[in-house]
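Chemist: Based on the hints, put chain B in the right spot on chain A.
There are 2 protein chains.
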Amino acid sequence: MNINKKTDPIGVFDSGVGGLTVTREIMRQLPNENMVYFGDTARVPYGSKSKDNIIRYSRQIIRFLQTKQVKAIVIACNTASALALDVVKEETDIPVMGVIAPGAAAAVRVTRNQKIGVIGTEATIRSHMYSKVMEEMMPGVEVIGKPCPLFVPIVEEGFAKHHIAEEVIDYYLASMKESDIDTMILGCTHYPLLRSRIMKYLGDGIELVNPAYETAMELRKLLKGMDLLNEGGSRGKETKGEEQKGPACANGSYEFYVSDTADKFKQFANSILPYDIRTTQRINIEEY
Amino acid sequence: MNINKKTDPIGVFDSGVGGLTVTREIMRQLPNENMVYFGDTARVPYGSKSKDNIIRYSRQIIRFLQTKQVKAIVIACNTASALALDVVKEETDIPVMGVIAPGAAAAVRVTRNQKIGVIGTEATIRSHMYSKVMEEMMPGVEVIGKPCPLFVPIVEEGFAKHHIAEEVIDYYLASMKESDIDTMILGCTHYPLLRSRIMKYLGDGIELVNPAYETAMELRKLLKGMDLLNEGGSRGKETKGEEQKGPACANGSYEFYVSDTADKFKQFANSILPYDIRTTQRINIEEY
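So the protein sequences, as listed, match chains A and B. Everything in the first sequence is counted per my numbering, starting at 5 for the first residue and increasing by one. Everything in the second sequence is counted per my numbering, starting at 5 for the first residue and increasing by one.
Take the hints with a grain of salt, since some may be wrong.
A pair holds if it fits inside one copy or across any two, identical chains being indistinguishable in the list.
[To be verified] When the alpha-carbon atoms are kept at most 30 Å apart in a straight line, the in silico DSSO-like pairs for lysine-lysine are as follows:
hint, residue 1, residue 2
1, LYS225, LYS93
2, LYS9, LYS268
3, LYS228, LYS204
4, LYS268, LYS181
5, LYS225, LYS165
6, LYS225, LYS9
7, LYS270, LYS119
8, LYS136, LYS268
9, LYS119, LYS72
10, LYS204, LYS10
11, LYS93, LYS150
No lab work stands behind these hints: they were computed from the structure.
If we strip away everything but chain A, and leave its shape as in the complex, we get (with noise of 0.2 Å):
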């Protein structure tokens, strides 16, 4: 096992580019960190394929981002977080966290009347993860899932202020509207991107958790609890081609690499983050 340093970065993975919002919330909660993000565009979307190769994408993403030295990993998407975090995590030798635990978490301490709904891919929908890391927390809760698969591709190809989205919306949140739940989990990370539509069409009356704010919060927490959370330090090495710095408001430095091209990757990249991401690598993936 090698021994991390706190300048050392945090590796970050997911399909493609809704872990870009995990990503976000890590930059603004934890600014000093260093990062090394990998987004899977050859092999986007994860939502609709099955847990064995979810969790094959996993281990080769976790095996590329070793490479790198990182000393924590967040799987910044739903998915495979619901269907590979449970194996991954015991076959790897630095920690290793999902989206799905922390919202979860947050989930059931915002509820007042114990029914949540929960919105995500048809794999996340299908594995039922949330409903029981929430049932273990609050036993008795209430939870209705409803996968939304047009959603990624709404927010993918650019529709996310188009009123298409609205109808998309309508079509698949009715059901959940006329529900009694108090509390919606955004399971998929493409979903804070349609937040204030989704907010809007339910009303006042659902509280909306973003998994991506809390899942910084617990990254906190576990670094903090290790000893490995960076209050300023840089890496202390020699920065590489693709290597940049952020603004003020994101001191670390911060490495972006894609399984297929980055140009979309850039541009929807550079429409999520504070600063605007100038180059990405990209690497052939099914090599490790």
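Modeler: Okay, now just chain B, sitting in the frame of chain A:
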């Protein structure tokens, strides 16, 4: 080089289910042919991915299909036809054909004003392959391309008959409708499943070309020319568990392979094909 027989199957592949619209046409027009279909459900969609990944995927699939003693291969995917056909054709010792040349040939035959629209994935449109091929066939032809990335998820998530499909069609095709094209190619194998709605939207002035139909006709010519057309023989070898006979309108034996779970694939296939697929087999395509 293996010596192929008339009763050997035709290999057909696509990124997922879209190629089944081509399979359907082959079943209709060449009802005695046996077929081995591969749907790359683990790596779908292709339309947003890079040329070198599409070439790598196509090579692996061709290697897999050749283990099934196929006598010819149809790339039943516009994106792979646009990006990989030229390369893989040269490397393969049996005929490999795509859907673009047949679709292009039909469009130049149909047009009266030499103004043709093409809709497809981002990768297909960006490749300008339809334009290049049509320009060779009809110098001076004017081609207007339009990527429609949301059409694939709209079809795959079952929205083809929902009014959301109409709005998405209006979003992408308003400019086509206002242009003076008289012919438009459905340049993605999913799009024939939106054909009636697109036709209704565009009106009588624009003729739609479905390359699937033309591809099956070209395939017949190709097989005939090589004296490999199957006019009634069975495969003449032990059938495997996954092989099955079609109904009267499709007399061949058909095998279906996928690279991820088959549930959705089967459900979708059974809504498109003239009979129910009972079994599919999953393979690890990365091993080829």
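Chemist: Does each hint fit the structure? Answer for all of them.
Modeler: Evaluated hints:
When the C-alpha separation of LYS225 and LYS93 is checked against a cutoff of 30 Å, the pair qualifies only within one copy, where the shortest distance is 18 Å, while the shortest distance between copies is 56 Å. For the homomeric pair LYS9 and LYS268, neither the shortest alpha-carbon distance inside one copy (33 Å) nor that between copies (46 Å) is at most 30 Å. Taking identical chains as interchangeable, the C-alpha atoms of LYS228 and LYS204 are never at most 30 Å apart, the minima being 37 Å within one chain and 61 Å between chains. Taking identical chains as interchangeable, the C-alpha atoms of LYS268 and LYS181 lie at most 30 Å apart only when they sit on different chains, with a minimum of 28 Å there against 33 Å within one chain.
In the homo-oligomer, the alpha carbons of LYS225 and LYS165 never lie at most 30 Å apart, since the shortest distance is 35 Å inside one protomer and 49 Å across protomers. In this assembly of identical chains, the alpha carbons of LYS225 and LYS9 lie at most 30 Å apart only when taken from the same copy (16 Å versus 67 Å across copies). Taking the shortest Cα distances, LYS270 and LYS119 never come within 30 Å of each other, neither inside one copy (38 Å) nor across copies (35 Å). Proximity of LYS136 and LYS268 under a CA criterion of 30 Å is satisfied inter-copy only: 25 Å between copies versus 35 Å inside one chain copy.
In the homo-oligomer, the alpha carbons of LYS119 and LYS72 never lie at most 30 Å apart, since the shortest distance is 42 Å inside one protomer and 53 Å across protomers. In this homomeric assembly, LYS204 and LYS10 never come within 30 Å of each other (Cα to Cα): the closest approach is 41 Å inside a single copy and 62 Å across copies. In the homo-oligomer, the alpha carbons of LYS93 and LYS150 lie at most 30 Å apart inside one protomer (27 Å), although the nearest pairing across protomers, at 44 Å, exceeds that limit.
Against the hints set out earlier in the document, violations occur for numbers 2, 3, 5, 7, 9, 10.
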